[in-house]
Each structure stands twice: as C-alpha cells, then as structure tokens.
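Visitor: Read off the chains here:
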Amino acid sequence: MPVVSMTVNGKSASADVEARTLLVQFIREQLGLTGTHVGCDTSQCGACVVHVDGRAVKSCTMLAAQADGADIVTIEGLAKNGELHPVQAAFREHHGLQCGFCTPGMIMTAVDMIRRKPDLDEETVREELEGNICRCTGYHNIVKAILAASREMR
Amino acid sequence: MYQFNYERPKTLADAEALLGKADDPKILAGGQTLIPTLKQRLAMPSDVIDIGGIGELDFIRAEGDAVMIGAATRHATVAQSADVKKHNPALAALAGSIGDPAVRHMGTLGGSIANNDPAADYPAACLGLDAKIHTTRRLIEADEFFKGMFETALQDGEIVKEVTFPHPEKAAYMKFPNPASRYAMVGVFVSRGPWGVRVAVTGAGQNGVFRIAEMEEALAKNWSPDAVANIKVPATGLNSDLHGTAEYRAHLVTVMAKRAVAAAG
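Just so you know, the sequences run in chain order A and B.
The first sequence runs 1 to 154 under my numbering.
The second sequence runs 1 to 265 under my numbering.
Hints in this document: simulated from the structure, not taken from any laboratory.
A hint or two may mislead.
[Said to hold, decoys possible] Here are the computed distance ranges between Cβ atoms for each label pair: (1) B:Gly196 x A:Thr42: 37 to 47 Å; (2) B:Asp83 x A:Asp41: 54 to 64 Å; (3) B:His251 x A:Asp16: 51 to 61 Å; (4) A:Thr7 x B:Gly64: 33 to 43 Å.
All residues carry an ideal CB built from backbone N, CA and C; glycine is no exception.
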C-alpha cells in the first residue's frame, strides 16, 4: 500500500492507504474532515471540490496517491482565527444556500474563480459554476454572493 | 474500484520500464476519464502508472510555425497560454471549453487523445489542424492516429509525449454541448493553413472524429459560411441516443460548420 503524505489546511497528514483510495475518502475518512461532500460521485456536481496546490479540483475524481506531496485546502481551512473567509461571509449575508449540501464545493469553486478572475461579472460567474450543481436550484443567490465577495476582495 | 498497484514515475524512461514490466497496465494522466471508468468497474488494470508527475511532459513551446504542447499539459494551462492564444486562439478556446473549470485543472491533452472518446474535443483540434503526435516510439500524423471509438494507433506501452499544432491562418471550433454532460453532441473544427482546408467533426460519428471532404473542397474554393450551408451530411454512421437522433446530429454538423467558418472570419 502506498504511503501518502500531504499538507491539509496547513497541517501535515500521512497515512498508508490502498492505491484505489480517492482523495475525498482520504480527507473525509482518514482525516475526519467531513465538510467536503460527496454528491454525485461521478464528477458532475462539484460538492467535493477542494484546492490542490491552489487549483480547484473534484476530489472524487482524484486518487489520494496523486495528491502525494501536495498542498490541500478544504472548506475547513478557509476561516482564519474564527473569522469567516469573505466568500463564506457573503454566502451567509446573501443567503447563498438552501439545504447547504452543495455549499462547501460552491465556496471552494468561488474562491478559485475569484483568484483567477478578479473582475467577475454575472455571466462569467454562471459559466464558471458549470461544474457545480445546486439541487435546490438556488443559483440566483449563489451568484449574488460570489459577485459581492469578489467586489469585497478587490 | 478494483485493487491495483500504483506507480508514480518521475521520468518517461521510468514510466516505460514500469509499463514493460506490468501485466495489464493503464496509464493515468489527469484521470478525468480513467478514474470514473475505474470507479464504475469498467476497467480492471493490474497497474496504474501515473504520468501526471513527469515534468518533461508538461510544457508549451512556440517554435517556428507551430506550437508544441506536452502530453501532460492541463487543459486550463493550454487555455491560458499566451503563446497558444497568440498563434492558435481557436485551440486555446477549445481547451477552455472542455468540461468545467475543475476538470480543466486536471485533464490533459495526451489523456484526451489517447482515450479518443467519440465526443471529446481535442481529437477534433488534432485532425482539424493536421497535428503531429509524437510518442515514445514514433511520430504519428493525426490522420493516422484516431482509429475508431476509444481506439488509436498507440501500441501497448507507447506513451504520447507531445503534440505539434502548426499555426493556422484561420480556424475556429464550434460545439453544441449536451446540456447535462457538456460533452459535444456535435463539435466542428474548421481551419485554413499551409495544409489547405480542414473540417473535422467530433461527437457525431460512431467511429469517433472524422473529416468531411466535400466541405473542405467547397471551402477551398470559397471560404465563407455559404459555401457549406447546403452541404448535407448523411446520417448513416452517426450516433443516435436519447440525446438526439443520427438525423438530428447530421443537421447539427452543417449548422456548426457554418458557424465555425463564420467565427473563423
């Protein structure tokens, strides 16, 4: 079994895992960080999005072994010193969630898109959310929250 | 997923050696198709050889009249590359239209063409731009590379190293994505360059990507959307599924070809 080591939310994590272990299983089951969700498990819904070396990826479609040596950030790693990340705060402020299941992936995707595209407009946000599905269909407020956060972070 | 042995070589030479030793290996690049396939237990390789960590496969170089792209280069990197945007904006736009942002952060050029999904985008760019595919063993012309649905000219243990895309004078890719999967129902890549005119179609054919000689001849005489507007593609040999009939796809081919020529200018 491969030994995988990575940094998760600033802390080093290492374990012997079966080669077939997905990154999301490693995060949830090995590290107990259950904020990252498994929705569809078929790379469609984006509930499992985390950052690997600064880029948003679907952790249900990556082996833990592929992330060996990588720097991972999950939803638990966003808030600093008890202060919500501006994107988290904007989702709360603008009611960017209903049932909340898709929220961790939506927020991780939003943080990544704001980093890549500081001058977001509504059309771009909707395009960039192509890989994240909200089954409550609460997209309107999600888009509003992301636009507000991107203005805040400029 | 079934169990497998996992290796992550640092060099191409090590990857070839591992492939040579393994019983029934699969090459893992970005994994955006292979991992879902493994999860559904549609494949049962003895060994998964991850080439995603091989630095010599991750590059973009503009040299002379072509752009060379390493096989492990991610779609997002191609889409954002200043060299690709400058010399081959149609290719950059195509890379930026694959899947979604998270998929583009992992998926690779080499993985896409080696898998040769009949609805993948990159095969249309390779065939539509007369690309040269360099492997660990030889150079394969795009015309010779794509052999059918999920089939290529690659032999066991042969690894795609890079793809050379010559600069087009004009080019564009237009796709009609399936609204759920984002895969191309029909995608048409048109180009004009030193190779003449090419029209390559993905998503439609049962045997994967193909060219349309009649449209190429018409566009060589008259590069305008009108030149292809009345060229009908037969529905024989086209995909028919719950998303659309073969006749519907045949109709879309002409529409997308027309829009692609208009977009190419």
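Visitor: Run the structure past the numbered hints and jot down the numbers of the failing ones, going up.
Guide: 2
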